[in-house]
Every structure is written in structure tokens, then in C-alpha cells.
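Read off the chains here:
Number of protein chains: 2
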Amino acid sequence: MPGNSYTIKPIGVIRKQDDHAFIEIYPDYTDGLLGIDQFSHINVFYWFSENDDAESRALLQVHPCGNEANPLTGVFATHSPRRPNLIASSTCKILAVEDNRIMIEDIDAFDGSPVIDIKSYFPDDIPHDQVRKPKWEGHPDDEEEE
Amino acid sequence: MPGNSYTIKPIGVIRKQDDHAFIEIYPDYTDGLLGIDQFSHINVFYWFSENDDAESRALLQVHPCGNEANPLTGVFATHSPRRPNLIASSTCKILAVEDNRIMIEDIDAFDGSPVIDIKSYFPDDIPHDQVRKPKWEGHPDDEEEE
Chain E
31 MPGNSYTIKP IGVIRKQDDH AFIEIYPDYT DGLLGIDQFS HINVFYWFSE NDDAESRALL
91 QVHPCGNEAN PLTGVFATHS PRRPNLIASS TCKILAVEDN RIMIEDIDAF DGSPVIDIKS
151 YFPDDIPHDQ VRKPKWEGHP DDEEEE
Chain G
31 MPGNSYTIKP IGVIRKQDDH AFIEIYPDYT DGLLGIDQFS HINVFYWFSE NDDAESRALL
91 QVHPCGNEAN PLTGVFATHS PRRPNLIASS TCKILAVEDN RIMIEDIDAF DGSPVIDIKS
151 YFPDDIPHDQ VRKPKWEGHP DDEEEE
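Chains as they are written, first to last, in the numbering used here: chain E, 31 to 176; chain G, 31 to 176.
Same shape as in the complex, but just chain E:
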């Protein structure tokens, strides 16, 4: 089983121009957007393509948020952009949907990042006071700058 591997094909690309961010869906996949305008938010999955090399994919422990003061931590306990499978996940507010473009409020990704999936956003039912997490320096969103 560990020998299996799976193939991911980009369905689109993240574009950032000036202050604007949008997702451009490739023509073959545009039909998959039907009804997405009924949602206020989406989960965008993209690929940390700038790190798609053997060294980054072999990295298993990092100092979170790229801060050496933070304890060495397993990548699966972080959102590090260097990890075995380079999947990034971000919740985004939809501003508008125009043909094959989803205008979004913002995304912490590079212009040109390959989009590999989009899912409609449903809020979690987890009360915040039941969420436990360590005290790292730096906001978790900063990790992707690592």
C-alpha cells in the first residue's frame, strides 16, 4: 500500500494582480463551478509548487512560522509549505464569480500557484473553547511564509 501513488492535475491557477486576487479555472473544469455563487466562502486547495523538490518533500520537522524560537515540530502538526505532499488549504471569501473566474478577498499564495481543488465552505461546529493548541510565536497564517 505505501507504494501506491496518485496523480493530481491542476484545475486552475491563482492570480494576483495589484490588490486583486482571483482563481482562474481552466476551460475543461468550468462546469464544476455551477452554483458556487450561492456560497459566501470556499476552501481552496492549491499546490506549493515552488517547493516541489525532493528535499522539501523529505522534510518532516520544522520550527513553526520559520521562527527558531519555536520548538522543532512535525510538519503534520503545522501548516508548513514544505511537507511530503505539498497540499495547501485556505478558506477564502468570494467577492464575485464571473465565467471561469472566482474573485476572492485574499489568499496567502503566490501568483501562479496551481489550484488542485475547491470545496464549498461549511462552518465547523467546534466550540472555540474546546480547541487546544500550543503557543507558538507568530500567527498560524504566517507559517506559509516560512
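Please note: incorrect hints may appear among the correct ones.
No copy labels: a pair is met if it fits in one copy or bridges any two.
To be verified - Simulated pairs of lysine to any residue, SDA-like, Cα-Cα distance not exceeding 25 Å:
no.	residue 1	residue 2
1	K165	D61
2	K163	A126
3	K123	F152
4	K123	Q68
5	K123	P153
6	K39	L102
7	K163	E54
8	K46	D159
9	K163	V127
10	K165	A84
11	K46	F69
12	K165	T121
13	K163	D141
By construction, these hints were calculated from the structure, which means they are not laboratory data.
Position chain G relative to chain E; hints supplied.
Same frame as chain E, now just chain G:
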């Protein structure tokens, strides 16, 4: 750009036995778990491997939750297990971490599903009254039964 593709390798597997669910991480990746026990919840990414065929990956529109009464909807506006890239995402409560096993409260996945990534869970900052979504029949979690 649309011609590129990326390779995903499972880092572990979801196991369900009687009433118990756990994630078994493969030995090569166990170091990536360091510190995960400091979190109450994780986001588990797995592969809808039972649908890894050309037909399922070409499907772009579905009736959400497998209910014909729901309007035909683009897969990117759903959590359908049939979609171009078969990525599943689920937030899970950690019950315990023992060596290469993460015991979780529950997961809506089949026994044997390949785990492709794990990320620590940080709550969203999105007020529930700012989340808009359509009124489908059936809880969104039911979609994966489609």
C-alpha cells in the same frame, strides 16, 4: 501549465475497527508527528481511492448529497467524493497519540482510505452569520455518502 501534474504518495492509512477509528502513519513519516499531541483537533486529508477511475474524475456536476431533489451543482460547490482530484478533507478530534497512531473520535471515511496529509487545526475566524450557503436537503456531511 494545465499539462503539469503532481504526484501524491500516501503517508498513512485510515483504520476503522469496531467503534474505533485511527490513523496509522507509515514508518517513513512518523517523525512528522512530533508535537501533534498538543493539538485537540487535526485536519485529515485523504484520497477517495475507491473512485480513482476516469469516469469519476471526469464528473463535474452532481446532485448534492446524492439527492435528486437537490439542484444539479458543480462538484467544486460540493464535497462530492467524485471529482477531478479525489481529495477529501475532514476535521477530527484527537483522542490519543500512540507511536505512529493517532486515535480519532470519528471520520466519515472507509477503512483503508489512504491518508495524504495532516495539518494542525486552527479555528476559523469567520462569524457564522456571515456564512451564506444554499438550502440543500441532507446535511453536508452526508455528501460523502453520495
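task = Enumerate the violated hints, using their earlier numbering and listing them in ascending order.
result = 8, 10 and 13
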